[in-house]
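**Student:** The residues making up each chain are set out below.
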Amino acid sequence: ETGVTQSPTHLIKTRGQQVTLRCSSQSGHNTVSWYQQALGQGPQFIFQYYREEENGRGNFPPRFSGLQFPNYSSELNVNALELDDSALYLCASSSDRGHTGELFFGEGSRLTVL
Amino acid sequence: AQSVTQLDSQVPVFEEAPVELRCNYSSSVSVYLFWYVQYPNQGLQLLLKYLSGSTLVKGINGFEAEFNKSQTSFHLRKPSVHISDTAEYFCAVSAPYSSASKIIFGSGTRLSIRP
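Heads up: the protein sequence lines correspond to chains G and A, in order.
First residue of the first sequence: 1, per the working numbering; consecutive thereafter.
First residue of the second sequence: 1001, per the working numbering; consecutive thereafter.
It is possible that part of the hints are untrue.
[Claimed, not checked] Some chain G residues judged to face chain A by a derived CB distance under 10 Å, without partners named:
| id | residue |
| --- | --- |
| 1 | 4 |
| 2 | 33 |
| 3 | 41 |
| 4 | 45 |
| 5 | 91 |
| 6 | 102 |
| 7 | 103 |
| 8 | 107 |
[Stated by the list, open to error] With a straight-line Cα cutoff of 25 Å, these simulated SDA-like cross-link-like pairs (lysine to any residue) come out:
| id | chain 1 | residue 1 | chain 2 | residue 2 |
| --- | --- | --- | --- | --- |
| 9 | G | 13 | G | 24 |
| 10 | A | 1078 | G | 41 |
| 11 | A | 1049 | G | 44 |
| 12 | A | 1049 | G | 41 |
| 13 | A | 1078 | G | 40 |
[As the list claims (entries may be wrong)] Some chain G residues close to chain A (C-beta under 8 Å, calculated; not the full set):
| id | residue |
| --- | --- |
| 14 | 42 |
| 15 | 43 |
| 16 | 90 |
| 17 | 100 |
| 18 | 101 |
| 19 | 105 |
| 20 | 106 |
| 21 | 108 |
Hints in this document: simulated from the structure, not taken from any laboratory.
Note that CB positions come from ideal geometry on N, CA and C, so glycine has one too.
Turn these sequences into a full structure, and let the hints steer you where they fit.
**Tutor:** Okay, structure coming up:
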């Protein structure tokens, strides 16, 4: 069974740039959720994709966008990067939108915005 | 809407001593409750969950938690900790049958084990 994998693991960008983060979901899972974890805080929900459709969004501006592909992998795109976007971005996969709350997390992509 | 409060940001404890990490929640409806663990430089891993039934829930690595509806708490306990338990622990809450988008995480408790 293949777990959740994220890439890249670390990256550094400057203000105003754009970034794309990638996530491969666990085998058999059709739902991907993205979280932002700032230093010293718990994960904050960004959005979720279920069968290629957005299925819920947290309190994040439109410059945070995403995609889910037919193989259920996913991308998180952030435009016009701001210093406060520096964080660990976590992808979590689950089956059927995660109704039982069991999320399988990747190790995250640590983004630093200078 | 649900919310969760982890009362301690850091808990230092000696190896082989017992530990309790506190979690309180707020909700107007019934809840699902979770504890996740995050080891250094890793993602989160589910430690245990309460969906219904017995209020005492056993998880991986010898951890257990007790759901107390009257006190709206879901404290995590381990009778004897090991150095390898050093990690950040997150309590989380959601409403039953809601999607993963409704899982609310606490701010975390850093457990540090002293030899």
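**Student:** Run every hint past the structure and note whether it holds.
**Tutor:** Right, here's what the structure says about each hint:
1. For residue 4 (chain G), the interface hint holds, since its Cβ comes within 10 Å of a Cβ in chain A; the closest pair sits about 7 Å apart.
2. Interface restraint check: residue 33 (chain G) against chain A, minimum CB-CB distance 5 Å, threshold 10 Å, status holds.
3. Because the beta carbon of residue 41 (chain G) sits about 6 Å from the nearest beta carbon in chain A, less than 10 Å, this interface hint is met.
4. Given the 10 Å rule on beta carbons, the hint for residue 45 (chain G) holds: about 6 Å separates it from the nearest Cβ of chain A.
5. For residue 91 (chain G), the shortest C-beta to C-beta distance to chain A is roughly 8 Å, which falls under 10 Å, so the interface hint holds.
6. Annotation: interface hint on residue 102 (chain G) holds; nearest CB of chain A at approximately 5 Å, less than 10 Å.
7. Here the hint on residue 103 (chain G) is kept, as its CB sits about 6 Å from the closest CB of chain A, short of 10 Å.
8. At its closest, the beta carbon of residue 107 (chain G) sits 5 Å from a beta carbon of chain A; the interface hint therefore holds under the 10 Å criterion.
9. Pair hint residue 13 (chain G) plus residue 24 (chain G) holds up; C-alpha atoms about 23 Å apart against a cutoff of 25 Å.
10. For the proposed pair residue 1078 (chain A) and residue 41 (chain G), the alpha carbon gap of about 23 Å is at most 25 Å, so the pair holds.
11. Pair hint residue 1049 (chain A) plus residue 44 (chain G) holds up; C-alpha atoms about 19 Å apart against a cutoff of 25 Å.
12. Between residue 1049 (chain A) and residue 41 (chain G) the alpha-carbon distance is near 21 Å, which keeps this suggested pair within the 25 Å criterion.
13. Straight-line distance between C-alpha atoms of residue 1078 (chain A) and residue 40 (chain G) comes to about 23 Å, which keeps the hinted pair within the 25 Å bound.
14. Taking 8 Å as the C-beta cut-off, the interface hint given for residue 42 (chain G) holds, the closest approach to chain A being about 4 Å.
15. Given hint, residue 43 (chain G) at the interface with chain A, holds; its Cβ is 5 Å from that chain's nearest Cβ, closer than 8 Å.
16. For the restraint placing residue 90 (chain G) at the interface with chain A, the shortest Cβ-Cβ distance is roughly 6 Å, inside the 8 Å limit, so the hint holds.
17. With 8 Å as the threshold, the beta carbon of residue 100 (chain G) comes within range of chain A, its nearest partner Cβ sitting at about 7 Å, so the hint holds.
18. Among the interface hints, the one on residue 101 (chain G) holds; its C-beta lies about 5 Å from the nearest C-beta in chain A, closer than the 8 Å criterion.
19. A cut of 8 Å between beta carbons decides the hint on residue 105 (chain G): the least distance to chain A is about 3 Å, and the hint holds.
20. Interface hint status for residue 106 (chain G): upheld, as the beta-carbon distance to the closest one in chain A is roughly 5 Å, under 8 Å.
21. Because the smallest distance between the Cβ of residue 108 (chain G) and any Cβ of chain A comes to about 6 Å, under 8 Å, the interface hint for this residue holds.
In summary, the structure agrees with every hint in the numbered list given earlier.
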